[in-house]
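S.K.: These protein sequence lines are chains A and B, in that order.
Reminder that position 269 of the first sequence reads as 269 in our numbering, one-by-one numbering, no gaps.
Reminder that position 193 of the second sequence reads as 193 in our numbering, one-by-one numbering, no gaps.
In case anyone wonders, no lab produced these hints; they're calculated from the structure.
None of the values given here were measured: they were computed from a predicted structure.
The beta-carbon is built from N, C-alpha and C at its ideal position, and this holds for glycine as well.
Misleading hints may appear alongside valid ones.
Here are a few chain B residues that face chain A, going by a calculated C-beta distance under 7 Å [said to hold, decoys possible]: (1) 17; (2) 80; (3) 114; (4) 210; (5) 257.
There are 2 protein chains.
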Amino acid sequence: MSRRSRRNPVWEVRASTLARNTRNLIREIIENLDVQPNPDKQLIALSVGDPTTFGNLNPPDQVLQAVRESIEWHTSRGYGPAKGHIEARQAVAEYSAHQGHVTAEDVVLCSGCSHAIELAVSVLADSGQNVLVPRPGFMIYKTLAEGLGIDIKYYNLLSDQQWRVDLDDLENQIDDDTAAIIVINPSNPCGSVYSREHLQDILEVASRNRLPIIADEIYEHFVFSDHEFISMSALSKDVPILTCSGLTKRFLVPGWRMGWIVIHDRNNIFGKEVRKGLNNLATRILGPSTLIQRALPTILKNTPQSFFDEVVLFIENQAKLAYKELVLAPGLRPIMPQGAMYMMIEIKTNKFPEFKNELQFVERLMSEQSVFCLPGQCFEFPNYMRIVLTVPEEILREACRRIIIFCQEHVVSREKILEIDEN
Amino acid sequence: MSRRSRRNPVWEVRASTLARNTRNLIREIIENLDVQPNPDKQLIALSVGDPTTFGNLNPPDQVLQAVRESIEWHTSRGYGPAKGHIEARQAVAEYSAHQGHVTAEDVVLCSGCSHAIELAVSVLADSGQNVLVPRPGFMIYKTLAEGLGIDIKYYNLLSDQQWRVDLDDLENQIDDDTAAIIVINPSNPCGSVYSREHLQDILEVASRNRLPIIADEIYEHFVFSDHEFISMSALSKDVPILTCSGLTKRFLVPGWRMGWIVIHDRNNIFGKEVRKGLNNLATRILGPSTLIQRALPTILKNTPQSFFDEVVLFIENQAKLAYKELVLAPGLRPIMPQGAMYMMIEIKTNKFPEFKNELQFVERLMSEQSVFCLPGQCFEFPNYMRIVLTVPEEILREACRRIIIFCQEHVVSREKILEIDEN
Ligand SMILES: Cc1ncc(COP(=O)(O)O)c(C=O)c1O
Ligand SMILES: Cc1ncc(COP(=O)(O)O)c(C=O)c1O
Chain A
1 MSRRSRRNPV WEVRASTLAR NTRNLIREII ENLDVQPNPD KQLIALSVGD
51 PTTFGNLNPP DQVLQAVRES IEWHTSRGYG PAKGHIEARQ AVAEYSAHQG
101 HVTAEDVVLC SGCSHAIELA VSVLADSGQN VLVPRPGFMI YKTLAEGLGI
151 DIKYYNLLSD QQWRVDLDDL ENQIDDDTAA IIVINPSNPC GSVYSREHLQ
201 DILEVASRNR LPIIADEIYE HFVFSDHEFI SMSALSKDVP ILTCSGLTKR
251 FLVPGWRMGW IVIHDRNNIF GKEVRKGLNN LATRILGPST LIQRALPTIL
301 KNTPQSFFDE VVLFIENQAK LAYKELVLAP GLRPIMPQGA MYMMIEIKTN
351 KFPEFKNELQ FVERLMSEQS VFCLPGQCFE FPNYMRIVLT VPEEILREAC
401 RRIIIFCQEH VVSREKILEI DEN
Chain B
1 MSRRSRRNPV WEVRASTLAR NTRNLIREII ENLDVQPNPD KQLIALSVGD
51 PTTFGNLNPP DQVLQAVRES IEWHTSRGYG PAKGHIEARQ AVAEYSAHQG
101 HVTAEDVVLC SGCSHAIELA VSVLADSGQN VLVPRPGFMI YKTLAEGLGI
151 DIKYYNLLSD QQWRVDLDDL ENQIDDDTAA IIVINPSNPC GSVYSREHLQ
201 DILEVASRNR LPIIADEIYE HFVFSDHEFI SMSALSKDVP ILTCSGLTKR
251 FLVPGWRMGW IVIHDRNNIF GKEVRKGLNN LATRILGPST LIQRALPTIL
301 KNTPQSFFDE VVLFIENQAK LAYKELVLAP GLRPIMPQGA MYMMIEIKTN
351 KFPEFKNELQ FVERLMSEQS VFCLPGQCFE FPNYMRIVLT VPEEILREAC
401 RRIIIFCQEH VVSREKILEI DEN
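Please build the complete structure, drawing on both the sequences and the hints.
M.R.: Structure (structure tokens):
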């Protein structure tokens with residue numbers, strides 16, 4: 001082996017392609033925004049999907065108690081198996097019985113749902129292949145896939161049909177390099193919840209094209225009255241599915257980083273390779289903290305249904321409140337969600353000719369009213385903004401009030417629009 | 001975009017290259033071993049580098065107390081920044097002052113040291129490049145790199161010179177595609193601890209070749225009497241270094257998955273790109289549990305030095321015990337470690353002609369004496385085996401006793417060897 005002869009005698013160390021291409025769309029957009037709040041008004045951030053930020057939503061004591069106990073066990077300190085402790089995986093299997101037949105063998109514990117998604121995408125797709133992602137959609141898929149050279153292709157959700165999947169568009173996006181379809185249900189950012197029939201329609205597209213599905217169900221059971229949450233996998237007859245979920249949202253502990261993949265594969269299509277591949281990938285960082293793993297059986301069994309019901313009811317009431325208010329904001333069209341913790345709001349940009357696009361709208365909303373909403377571009381969906389519904393009621397009410405004032409101050413009348421259009 | 005026409009009308013879903021190439025050498029070797037213990041003897045596993053397995057080594061109450069308190073804070077449940085909470089990074093910076101000038105900005109919290117290594121390797125090396133890894137050495141580097149298409153090249157450690165780096169060999173391995181040199185000090189599996197002079201020699205090779213170093217110092221401060229631990233980065237004048245460490249070994253909490261990278265870059269060679277790249281990579285799974293992050297400042301500040309001293313003294317005594325015993329085992333050559341928690345033992349395979357290689361030696365040691373040691377092949381170093389020193393004293397004593405019996409039963413005399421050699 002020959003000794004290295006560096007052409008360049010000066011130091012230069014570059015970052016890898018993976019590192020350079022692992023980009024976080026939301027962060028990049030926000031960093032480029034001019035988002036200084038109005039110093040005279042208290043900032044209200046409706047931007048971060050963290051239900052714990054304001055301190056009004058807390059995990060029930062049963063969840064904390066489970067971890068308090070776990071600390072005292074010396075088995076909560078040692079290494080666990082790469083896929084996670086069997087007792088914890090067994091508990092997830094029982095907790096996930098609504099998804100279909102699940103055993104501990106079908107469960108891989110991960111460091112948060114993001115990690116579950118990372119494993120799911122990277123076990124199914126190779127560099128050069130693509131995965132199909134909903135638009136609008138949560139953009140961690142882009143962050144995770146593009147670094148690995150996996151392309152993202154979008155399929156459209158229909159904003160005027162409760163964000164149903166445009167099935168034709170979905171099928172049209174599929175090509176020979178497509179490795180998986182990603183379905184987020186209930187949806188971030190839309191708050192949509194799909195019906196049994198619609199899920200079956202999506203499954204049919206997947207089945208016809210022999211494509212596995214990654215079902216991002218981190219908002220499972222987060223559905224408002226008159227809606228039903230149905231897990232994709234409960235309906236699948238043949239399509240193999242990797243369902244990603246975790247404690248993050250439902251148990252109000254995003255920081256604990258406890259997520260999981262449930263493998264659904266009735267016809268053994270994933271075979272040994274995908275299961276083994278997931279196991280291989282899990283060995284890279286050895287899964288989530290065993291402190292939480294040891295608490296997981298108790299967490300999943302002891303948390304009372306009343307806790308979940310209360311949280312969902314609170315969010316539903318917040319959604320109704322925000323909808324009732326914002327429907328009065330001139331130039332906005334709020335879309336009532338059916339679940340999750342978000343609401344999408346259309347900004348009729350032609351009514352705000354002052355602003356070039358929705359980015360400028362949210363910038364100015366921030367600088368004038370100190371209310372910060374995420375621009376639709378963060379979800380590849382311009383002309384919309386997303387608000388988070390988990391903030392305390394009074395704060396949400398105040399935010400809506402300020403949004404309405406802002407719109408009133410900047411909207412132009414129909415006559416004015418016609419005038420502008422003429423010039 | 002044209003509709004997909006699958007050539008293959010049957011379902012087939014394969015695992016990605018990354019998933020297939022993420023292979024765990026240790027696991028694969030162990031899975032292929034025939035390792036059934038002797039049913040008449042209690043199994044003694046000297047194989048797993050988990051100091052908590054036997055329950056004789058426990059974190060001090062200060063560490064547990066810090067987490068007990070953290071549970072009660074609602075800030076220990078929300079999302080943290082991708083690199084970790086500033087208070088936790090600040091605490092790591094102070095804890096790492098022996099490494100040189102470190103600020104919170106230089107710290108990236110990770111989900112265990114494995115994750116730190118994953119980020120360090122993947123930020124510096126691209127697919128097609130290589131990183132240099134010590135042989136014998138801990139093989140997570142292989143697991144992590146090869147999945148990403150990064151090649152591993154080995155440089156030799158000298159078994160008869162306290163596992164010093166063969167500097168010529170190191171320099172000879174460097175080629176135009178080399179992206180980084182990895183140095184594990186104190187070493188797993190060797191237990192070697194490098195002197196200031198030797199570290200300087202290694203730095204010189206790196207400097208001359210303009211190569212950054214990844215310093216795996218997860219066993220920092222784990223050194224026996226008459227040895228001194230010196231952090232690589234404390235000596236570097238120009239070579240940029242990513243130091244990987246964590247709570248895992250020193251605080252006896254491997255399952256908690258708390259690790260970190262400290263960036264050392266006096267001359268700003270990593271520039272913005274590598275720092276930004278690390279940040280990008282950290283956003284993929286959002287770091288370690290905030291429950292532990294919030295406890296980290298207290299853990300790092302309140303753990304008494306006496307705790308560390310006791311653990312190291314215990315391991316040193318175990319090393320002396322094992323050495324004293326095993327030096328009497330015919331056909332073995334134990335190598336006294338200077339730190340960490342392991343001992344390497346040469347198996348003079350020509351004295352055990354019954355066994356084809358050290359794999360068969362450890363298999364038979366297991367099936368006859370129910371003692372399980374890791375074969376050297378797990379560290380790319382045949383003809384050796386590694387034992388773990390953290391087991392309780394009585395168990396280690398019994399293990400040594402059995403190893404000696406085993407050797408006595410299987411070793412052949414010098415005369416016999418000569419005889420065999422002649423045939
Ligand atoms: C749709 C969706 N999937 C996954 C995640 C990531 O969850 P985690 O925080 O468990 O990584 C989020 C977080 O907001 C999400 O909205
Ligand atoms: C040298 C070395 N580096 C890194 C690690 C991984 O540490 P962690 O368990 O924090 O991922 C180990 C674990 O045994 C090790 O021996």
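S.K.: Next, verify each hint and record whether it holds.
M.R.: How the hints compare with the structure:
no.	hint	result
1	17	holds, 5 Å
2	80	holds, 6 Å
3	114	holds, 5 Å
4	210	holds, 5 Å
5	257	holds, 5 Å
Checked against the numbered hints listed earlier, the structure breaks none of them; every hint is satisfied.
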